[in-house]
Structures are given as C-alpha cells and as structure tokens.
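What follows is the residue order along each chain.
Protein chains: 2
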Amino acid sequence: MSFRFTVRSTDGSARVGTLETPHGAVQTPAFMPVGTQGAVKATLHRDLADSGAEIILGNTYHLFLRPGDELIARRGGLHRFIGWERPLLTDSGGFQVFSLAERRVITEEGAEFQSHLDGSRHHLTPERAVDIQARLGSDIAMVLDECLAYPSTREATAESMQRSVRWAARCRARLTEFRDSAGLKAGPTLPAVTISNGGQAQFGIVQGGVFPDLRRESAEATVAIGFEGYAIGGLSVGEPIDLMYSVVEDTARVLPADRPRYLMGAGTPEDLVECVARGIDMFDCVLPTRNARNGQLFTSRGRINIKNAKYAEDDGPADPDCHCYTCTHHSRAYLRHLHLAGEMTAGALNTLHNLAFYLDTMKRIREAIKLGIFDSFRQEFLRSVSRLSHDS
Amino acid sequence: MSFRFTVRSTDGSARVGTLETPHGAVQTPAFMPVGTQGAVKATLHRDLADSGAEIILGNTYHLFLRPGDELIARRGGLHRFIGWERPLLTDSGGFQVFSLAERRVITEEGAEFQSHLDGSRHHLTPERAVDIQARLGSDIAMVLDECLAYPSTREATAESMQRSVRWAARCRARLTEFRDSAGLKAGPTLPAVTISNGGQAQFGIVQGGVFPDLRRESAEATVAIGFEGYAIGGLSVGEPIDLMYSVVEDTARVLPADRPRYLMGAGTPEDLVECVARGIDMFDCVLPTRNARNGQLFTSRGRINIKNAKYAEDDGPADPDCHCYTCTHHSRAYLRHLHLAGEMTAGALNTLHNLAFYLDTMKRIREAIKLGIFDSFRQEFLRSVSRLSHDS
Numbered sequence: 003m004s005f006r007f008t009v010r011s012t013d014g015s016a017r018v019g020t021l022e023t024p025h026g027a028v029q030t031p032a033f034m035p036v037g038t039q040g041a042v043k044a045t046l047h048r049d050l051a052d053s054g055a056e057i058i059l060g061n062t063y064h065l066f067l068r069p070g071d072e073l074i075a076r077r078g079g080l081h082r083f084i085g086w087e088r089p090l091l092t093d094s095g096g097f098q099v100f101s102l103a104e105r106r107v108i109t110e111e112g113a114e115f116q117s118h119l120d121g122s123r124h125h126l127t128p129e130r131a132v133d134i135q136a137r138l139g140s141d142i143a144m145v146l147d148e149c150l151a152y153p154s155t156r157e158a159t160a161e162s163m164q165r166s167v168r169w170a171a172r173c174r175a176r177l178t179e180f181r182d183s184a185g186l187k188a189g190p191t192l193p194a195v196t197i198s199n200g201g202q203a204q205f206g207i208v209q210g211g212v213f214p215d216l217r218r219e220s221a222e223a224t225v226a227i228g229f230e231g232y233a234i235g236g237l238s239v240g241e242p243i244d245l246m247y248s249v250v251e252d253t254a255r256v257l258p259a260d261r262p263r264y265l266m267g268a269g270t271p272e273d274l275v276e277c278v279a280r281g282i283d284m285f286d287c288v289l290p291t292r293n294a295r296n297g298q299l300f301t302s303r304g305r306i307n308i309k310n311a312k313y314a315e316d317d318g319p320a321d322p323d324c325h326c327y328t329c330t331h332h333s334r335a336y337l338r339h340l341h342l343a344g345e346m347t348a349g350a351l352n353t354l355h356n357l358a359f360y361l362d363t364m365k366r367i368r369e370a371i372k373l374g375i376f377d378s379f380r381q382e383f384l385r386s387v388s389r390l391s392h393d394s
Numbered sequence: 003m004s005f006r007f008t009v010r011s012t013d014g015s016a017r018v019g020t021l022e023t024p025h026g027a028v029q030t031p032a033f034m035p036v037g038t039q040g041a042v043k044a045t046l047h048r049d050l051a052d053s054g055a056e057i058i059l060g061n062t063y064h065l066f067l068r069p070g071d072e073l074i075a076r077r078g079g080l081h082r083f084i085g086w087e088r089p090l091l092t093d094s095g096g097f098q099v100f101s102l103a104e105r106r107v108i109t110e111e112g113a114e115f116q117s118h119l120d121g122s123r124h125h126l127t128p129e130r131a132v133d134i135q136a137r138l139g140s141d142i143a144m145v146l147d148e149c150l151a152y153p154s155t156r157e158a159t160a161e162s163m164q165r166s167v168r169w170a171a172r173c174r175a176r177l178t179e180f181r182d183s184a185g186l187k188a189g190p191t192l193p194a195v196t197i198s199n200g201g202q203a204q205f206g207i208v209q210g211g212v213f214p215d216l217r218r219e220s221a222e223a224t225v226a227i228g229f230e231g232y233a234i235g236g237l238s239v240g241e242p243i244d245l246m247y248s249v250v251e252d253t254a255r256v257l258p259a260d261r262p263r264y265l266m267g268a269g270t271p272e273d274l275v276e277c278v279a280r281g282i283d284m285f286d287c288v289l290p291t292r293n294a295r296n297g298q299l300f301t302s303r304g305r306i307n308i309k310n311a312k313y314a315e316d317d318g319p320a321d322p323d324c325h326c327y328t329c330t331h332h333s334r335a336y337l338r339h340l341h342l343a344g345e346m347t348a349g350a351l352n353t354l355h356n357l358a359f360y361l362d363t364m365k366r367i368r369e370a371i372k373l374g375i376f377d378s379f380r381q382e383f384l385r386s387v388s389r390l391s392h393d394s
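As given, the protein sequences belong to chains A and B, one line each in that order.
Letter by letter, the first sequence follows residues 3 to 394 in the numbering used here.
Letter by letter, the second sequence follows residues 3 to 394 in the numbering used here.
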C-alpha cells in the first residue's frame with residue numbers, strides 16, 4: 003500500500019515510469035484531469051477511466067469550503083465520497099487562496115482569507131493544509147506554498163520562495179507526526195485528524211519564479227527536506243513560453259532522478275511534449291476541460307473553435323484521427339449546433355474529446371519514449387498540432 | 003421500412019405491443035425522453051440507449067429555428083445529424099409556438115409568430131409543419147394542432163378543436179402528396195422538400211379539452227381522416243389529475259384498438275401507470291430530465307429532493323432498488339454536494355437516474371401486462387412511490 007516510483011525507460015531526459023499508490027498504479031508521463039470539486043467538470047468517472055485517466059486531481063480549497071474535509075473524512079475519504087477508486091492527487095489549497103479567495107493576508111504563520119462563496123474567514127497554515135489533505139485521503143498530497151504573480155521582483159520572489167521552503171518543512175514535520183503516531187492524535191496544538199489514507203505520499207514544490215539561481219536554491223532546500231516527489235510550481239502564470247521551458251529544464255535537472263517530477267498547472271498539448279522532453283513526469287491543467295466547455299477542441303491537426311461558422315455543415319468528426327466517443331459518433335456540425343444551443347451535452351461531448359486527446363497524447367509519448375523515438379515523435383507532433391492555423 | 007403497430011398482449015385496457023419503424027422497433031408502452039434541440043439534456047445518446055430508451059423525441063419548433071430543417075435535411079435528416087440511429091418522433095412545433103414564441107397570431111391558415119431567440123417572423127401552417135418534419139425525417143411526425151390553455155370555455159374549445167381537425171386534414175393531404183410523388187416535388191404552391199425518411203408515419207391529435215363530447219367528436223373526425231396512430235393532446239396543462247385520467251379513459255376507448263395511442267406531455271410515474279391502465283401506449287415528458295437538473299429524483303420509494311440537508315451525510319444510493327450507473331456508483335451525499343456546487347455532472351448523474359427509473363418502470367409495466375398481473379403491479383407501484391412523503 004505504500005508509494006513507489008520506478009523509472010522504466012528513458013530517452014534523453016524524457017522517461018517512462020510507474021507511480022504505485024494505495025489506489026493503484028499510474029503510468030508516467032501522466033496527465034491528471036482536474037476534478038475541482040470532486041468531479042471533472044461535465045464528465046462521469048466511468049468516461050474518464052475509459053479515456054485512459056489513471057489519476058485525477060481534487061482541489062483542497064474548494065473541498066475544504068464545500069462540503070468540508072471533515073464531512074469527507076466521515077464518508078471514508080475523498081475516494082469513497084466521490085466514488086473514484088483510482089489514484090487521486092490533491093493540491094494544498096494555496097493556489098486558490100491566492101487566486102480566488104478574498105481579503106487574503108499572508109504571514110509567516112500562513113494565509114488568512116475569506117471564502118469566495120460566503121465571505122467566511124479561514125486560516126490556512128502549512129499544518130492545516132496537511133491536516134485537510136489527510137482527511138481527504140488523497141494518494142498524493144502537496145505542501146502549502148506561496149504562488150506569486152508574474153512578473154515579480156527578484157527580491158519578492160526570493161523572500162516568498164524562502165518562506166515556501168519553511169512552510170514545506172512544517173508540512174513535512176506535520177506529516178511525520180501523523181506517520182509516527184500511525185493515525186489519530188489530539189492535543190491543544192494538534193487536533194484530532196482522521197487519516198483517510200495511511201499510504202498518502204507528500205510532494206514538495208519548487209518555487210523561485212524565473213530566476214535560475216532561486217529555482218536551484220529552492221530545489222536544493224526542498225530536496226534536503228525530503229519528499230516522495232517534487233513539483234515545479236509558479237509557472238504557466240503568464241511568463242513567455244520559452245522562459246517556462248528553460249526554467250523547467252534547469253529545475254528538472256537538479257531534482258533527484260528517482261523521484262517523480264510534477265509540473266503544476268500546465269499546459270497545452272505542446273507544453274506536455276516539450277516538458278516531457280525536459281524530464282517532467284506528471285501534469286495537470288484545466289485547459290482541456292475548460293476550453294471544451296467554451297467550444298475549443300484540441301485535435302491532432304491543431305485547435306478548432308467549434309463555434310466557427312465554417313463548421314455549420316461539416317459532417318466530419320472533430321478530429322479525424324481520434325477514436326473517442328465524440329469523434330466516432332458525432333459531426334462538427336452537430337457539436338457546433340449543440341454549443342450554440344447552449345446544451346450541456348455540448349460541454350460533455352467536447353470534454354470527452356479533449357480529455358481523450360490529452361490522454362492519448364500521453365500514451366503516444368510513453369510509447370515513443372519506450373521505442374527510443376521520442377525526439378522524432380516530438381518534432382512530428384509539434385508540426386501536426388500547428389497544421390491548422392489555430393482558429394480560436 | 004414501413005410503419006406497423008402490433009398489439010402482443012392485453013390485460014384489461016392495458017396492452018403491450020411493438021411499433022416497427024424505419025429505424026427499428028419500439029416496445030410499448032414506451033416512454034420517449036425529450037431531446038428538445040437534438041439532444042436529451044445532460045445525457046449522451048449511448049447512455050440513453052443503455053438505459054433502455056428505444057425512441058426519443060425532437061422538437062420541431064426548436065430545430066426549425068436552429069439549426070434549421072433545411073440544414074438538417076442536407077445532413078441527411080435528424081437521425082444522421084444528431085447521430086441517433088434508433089426511432090425518433092417529432093412534434094409539430096405547435097406546442098412551442100403556443101407556449102414559447104412571441105406575438106403569435108392564429109388564423110385559419112396557420113400560426114404567425116416571432117422567434118423567442120431573435121424575434122424573426124415565421125408562419126407555421128399545417129403544410130409547413132409537415133414539410134419541416136419531412137426534412138427532419140423523423141419516424142413519426144405529428145400534425146399541427148392548436149393547444150389551448152386550461153381552463154378554456156366550451157365554445158373556445160369547440161372552435162379550436164374543429165380548426166385542429168381541419169388542420170389535421172390538411173396535414174394528411176400534404177403527406178399524401180409526398181407519398182404520391184414519392185419524394186421531391188416543386189411548384190408555385192409546393193416548394194421542393196427533401197424527404198429524409200420515406201417511411202415516416204403521421205399521427206393525428208385528439209383535442210377537445212375536458213369536454214367528453216368534444217373529445218369524442220375530435221376523435222371520430224381525426225380517425226375518419228386516417229392516421230398511423232393517434233395522440234391525445236391538450237392534457238397535462240393544469241387540469242385536475244382525476245379529470246385528466248377520465249378524459250384519457252374516455253378518449254382512448256373511442257380510438258381504434260389497432261393503432262398506437264400516444265398521450266402527449268405526460269407525466270409523473272403515477273401518470274404513466276394510470277394511463278397505461280386506460281389504454282395508452284406512448285408517453286413523452288420533460289419531468290424526468292428537467293427535474294433531474296433541479297435536483298429532484300424519482301425513486302421506487304417516492305420523490306426526493308437531493309438539495310435537502312438530510313442527505314448531506316447519506317451514504318446510500320439515490321434509489322436502493324435501482325441498478326443505474328448513478329445508483330450503483332454514487333451516494334446521495336455526493337449527489338447533493340455536486341448539485342449545491344453547481345457541477346454539470348450533477349445534472350448528468352441525476353438525469354441518468356431519472357431516465358433509468360422511468361424506462362425501468364415502463365419495462366416493469368410491460369412485464370406485468372404480459373404476465374396478466376398489471377392491476378396488482380399498479381396498486382403496489384402506487385403504494386411504493388408514495389411511501390416517502392415527497393420531500394420536494
């Protein structure tokens with residue numbers, strides 16, 4: 003039931019591996035659909051699994067506010083509550099506190115904020131982020147970190163990064179307390195926490211913005227604390243794409259080769275391929291699901307915007323190379339009609355396709371790495387997805 | 003490829019039969035989920051079929067306005083356009099003209115109205131309703147009729163019913179022209195119409211409000227015109243339930259036993275059972291789908307409103323007797339959470355369940371009739387579904 007990561011093959015910096023978790027294995031490089039509030043928007047779990055999703059992500063901030071981590075713990079944890087028996091990763095809640103909550107105040111202790119739902123006041127500390135995720139019982143929990151906007155000054159970035167390192171150490175200490183006590187513990191400073199998943203792993207997060215030396219300093223300090231895996235945070239927030247790739251490349255290089263590397267919040271299909279090439283093993287992003295609901299489809303020939311009038315009488319599938327339910331049963335003309343008519347089914351069909359495209363891309367990436375032809379796959383993929391002038 | 007209805011067994015006035023259509027057979031009594039704009043809201047066709055839906059309904063008014071019947075004809079008809087290869091029924095558009103459109107003016111010629119979408123002006127005549135449905139190519143088309151509000155005076159009801167009979171005759175004449183010309187025909191008064199389904203059947207509609215003699219007059223006149231099947235319209239519009247049952251009973255009795263009888267726009271699970279007992283073979287209603295999106299679930303023990311606080315920590319399925327995907331995978335607590343969180347997945351899961359419940363009820367009805375135990379089934383069903391005080 004414990005967490006284990008095994009690299010099975012490499013091709014340049016790209017690698018194929020297996021994450022073993024208490025809820026089963028995940029082939030890497032992996033894309034994790036985002037199940038914000040306990041559901042990947044506009045899909046059923048069954049369809050996710052059929053599309054090849056082996057792990058999904060839950061957002062701690064949302065689940066903490068509604069329905070509440072204690073209610074979820076009473077249901078037996080997030081897996082049982084949502085009926086998803088495969089691996090789950092939860093973020094720390096920090097990103098949404100920084101992007102969504104109101105009136106937030108950051109101190110050394112943690113983040114005070116008001117709920118975007120009802121204005122209620124909360125205090126998210128590193129220890130609390132660990133406790134909440136312990137109750138949720140995800141297979142992989144993330145440390146609480148501070149996410150800065152881009153651009154930020156070097157001074158602000160250094161200060162924030164160093165605080166994130168201190169927070170990471172507190173998160174690890176809290177988890178260690180749980181592990182040492184093998185479950186429940188209560189006291190004046192340590193409230194009772196139901197541990198929903200005894201095999202939960204914890205990942206540290208490297209920050210440092212776009213400053214190579216700060217990234218290195220953060221990576222070294224985070225690795226020194228010691229986690230089951232390492233994430234790269236604070237990217238995909240508006241920086242130029244080449245700068246993102248360069249930070250990913252430099253950071254991945256200083257992370258231990260025997261631990262999974264997770265690039266948080268990225269990205270486009272091109273980003274997946276480019277960052278796998280730089281040693282990334284795990285990704286999550288709302289792009290395929292959010293854009294689906296807005297009518298943007300990712301295809302093997304580039305992105306298409308299904309609202310476009312040129313699809314009104316197009317009897318072909320969204321993506322002629324795709325074998326998903328949407329592409330094998332429905333035309334662009336129908337998808338366009340449903341989208342313009344405001345039918346929920348449009349969001350469902352578009353989401354099914356976009357996730358199938360992302361998950362199929364990951365599968366093709368893994369196969370290319372195993373065959374040692376990843377670089378030619380990558381060149382061909384980048385050519386293909388830019389074949390259409392992106393019409394959206 | 004032609005239309006045929008065969009009664010296979012009867013039990014009192016209830017009967018089991020088979021509708022054969024150009025797109026396959028339908029077991030009756032049948033419930034037809036409503037696919038307003040070419041999709042049953044919040045579902046995929048695959049899940050509909052898996053739930054036991056053998057026929058779905060499309061709304062001519064909506065499809066005529068968007069994407070347009072001519073566009074659909076160019077796609078090869080509604081089946082091909084929406085990717086549903088089983089039977090389809092289309093209404094005439096009249097009901098939505100009377101309930102949804104703006105500034106409508108009814109004359110002997112037809113109904114002038116403005117689109118609720120963009121205010122564009124249209125004129126729906128009986129002939130036009132036939133033409134539009136010919137382009138859509140449904141397996142069963144309905145004649146254009148006038149739907150009155152409840153209550154209406156006897157005088158208004160009689161006048162409207164008699165006009166509906168004249169419109170029915172014009173609809174039948176128009177279809178006969180198509181059949182005689184075996185397809186395309188054009189001229190100053192007869193524009194070219196693409197016939198998307200050469201085996202399309204046409205049903206007449208009995209009106210007459212809640213006046214038994216007007217209903218009888220309408221039924222006799224409509225049967226005299228001669229259609230492949232007969233619908234009872236103008237009910238489930240606010241009249242007392244016992245009055246509805248009584249009109250259904252009296253009207254079904256004067257309709258030919260060898261033709262299918264379709265009660266339009268009804269109803270609750272209790273209505274299905276009660277009206278099958280009175281000789282009805284086909285039903286359509288938005289209740290299971292619309293109420294699902296509002297959080298109301300139909301169960302074998304009555305209706306539940308999933309928003310209710312008492313379900314917040316309820317780990318049981320929506321309906322313990324149900325074998326649908328929702329009930330076998332998810333708890334009331336999770337469904338409540340998704341609904342309160344505004345997740346589209348809530349609508350999808352609730353819709354799956356409600357349709358499964360309706361379609362399973364029809365299956366149980368058919369089995370009870372075949373076994374000759376329909377009356378005891380009916381008594382037990384009515385007791386069961388009222389077991390919970392309906393909490394919504």
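Careful: at least some of the hints might be erroneous.
Intra- or inter-copy, both count: the list cannot distinguish identical chains.
Straight-line alpha carbon distances no greater than 30 Å define the calculated DSS-like cross-link-like pairs of lysine-lysine that follow [stated by the list, open to error]:
{"no.": "1", "residue 1": "Lys372", "residue 2": "Lys312"}
{"no.": "2", "residue 1": "Lys312", "residue 2": "Lys43"}
{"no.": "3", "residue 1": "Lys309", "residue 2": "Lys43"}
{"no.": "4", "residue 1": "Lys43", "residue 2": "Lys372"}
{"no.": "5", "residue 1": "Lys309", "residue 2": "Lys372"}
In short, the hints are calculated from the structure, not lab data.
Do the hints match the structure? See the list:
1. Lys372 - Lys312: Neither: 40 Å inside a copy, 52 Å across copies.
2. Lys312 - Lys43: both (28 Å within a copy, 25 Å between copies)
3. Lys309 - Lys43: Cα proximity of lysine 309 and lysine 43: in one copy and across copies (20 Å, 19 Å).
4. Lys43 - Lys372: neither (32 Å within a copy, 43 Å between copies)
5. Lys309 - Lys372: Neither, since 38 Å and 49 Å both go past 30 Å.
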